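With chain B's structure known, arrange chain G on it following the hints.
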Amino acid sequence: MSKRDQPAVGISLSALREVPRGDLAIRFAFGAGISSIAAIISYVFGARFGGVFLAFPAILPATLTLIEKEESKRKAEDDDIGAILGAAALILFGGLAWWLIPTIGAPGAIAVAVFGWLSAAALFYAVLRVVSGP
Amino acid sequence: MREVLVVLVKAIAGGTFVLLFALLGQVLQPKWFSGLFSAAPSVAVAGLIITVVDKGDHEASLSAIGMMFGAVGFVVFAICVRALLVRHSALVAAALACVAWLVAAIGGYLLVLR
Chain B
2 MSKRDQPAVG ISLSALREVP RGDLAIRFAF GAGISSIAAI ISYVFGARFG
52 GVFLAFPAIL PATLTLIEKE ESKRKAEDDD IGAILGAAAL ILFGGLAWWL
102 IPTIGAPGAI AVAVFGWLSA AALFYAVLRV VSGP
Chain G
19 MREVLVVLVK AIAGGTFVLL FALLGQVLQP KWFSGLFSAA PSVAVAGLII
69 TVVDKGDHEA SLSAIGMMFG AVGFVVFAIC VRALLVRHSA LVAAALACVA
119 WLVAAIGGYL LVLR
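Chains as they are written, first to last, in this note's numbering: chain B, 2 to 135; chain G, 19 to 132.
Worth flagging that the hints you see were computed from the coordinates, not collected in a lab.
Source: prediction; values computed, not measured.
Careful: at least some of the hints might be erroneous.
Unchecked claim - Just so you have them, the derived chain G footprint on chain B, three or more residues with Cβ under 8 Å: (1) 43-50; (2) 77-83; (3) 117-126.
Unchecked claim - Partial selection, computed: residues in chain G whose CB lies under 10 Å from chain B: (4) Ala57; (5) Ser60; (6) Ala108; (7) Ala112.
Think of the CB as a built atom: it goes at the ideal place given N, C-alpha and C, for glycine as much as any other residue.
Next comes chain B alone, as it looks inside the complex (with noise of 0.2 Å):
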């Protein structure tokens, strides 16, 4: 992918507007739906294996599947090379969770945990602009 044709971060909450309701229950659906399952396993199997479904892809199909409809495959697949990065980040998110709940507590563990990950994620996106070069 060249980098030409990527414009600069930013925001844009005009999109905000253009985004069907019904994507948006899709998506809750989704995310109740997959948050369920990994209480009921967690019960059943412990909180170490429901701990797994923890990091389902929950938004990611549902994502793609309405931008590769509402917009195009292509936009799709740069939507999942962001999302090869977040999940790379994400198993930072769930070393430094199980790192600092035991010693700091976890509201801190957690807001720490999503700050990591975050910044994990952003220095990857980074990163591969840069090596995808101009």
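Structure of chain G alone, referenced to chain B:
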């Protein structure tokens, strides 16, 4: 009865966090960057918070261990989707890649922790 209530609360919290992260991904440009939020720890944050309230820090910490294997599976999933999108629709690519997630996440968990 308490377990059913906790599952319901986790479902609502998970759906809400997924929605919030999805909206954040929607307003961010370009798509390449907003795609990061397709792998946001939305279900994880909701699940860990409710687990802490329900069962305490130790259980949440155990969940986080399992989550790392799920995250490895997520990376494999997203790479497979990228490859499958060449020949298939996004829906079919994501469905096929779910099998890769199951194998990588659960297989990795069983291999390392069992």
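Hint-by-hint comparison with the structure:
| no. | hint | in the structure |
| --- | --- | --- |
| 1 | 43-50 | holds (count 6) |
| 2 | 77-83 | holds (count 7) |
| 3 | 117-126 | holds (count 4) |
| 4 | Ala57 | holds (3 Å) |
| 5 | Ser60 | holds (6 Å) |
| 6 | Ala108 | holds (4 Å) |
| 7 | Ala112 | holds (4 Å) |
Comparing the model with each numbered hint stated earlier shows that all of them hold.
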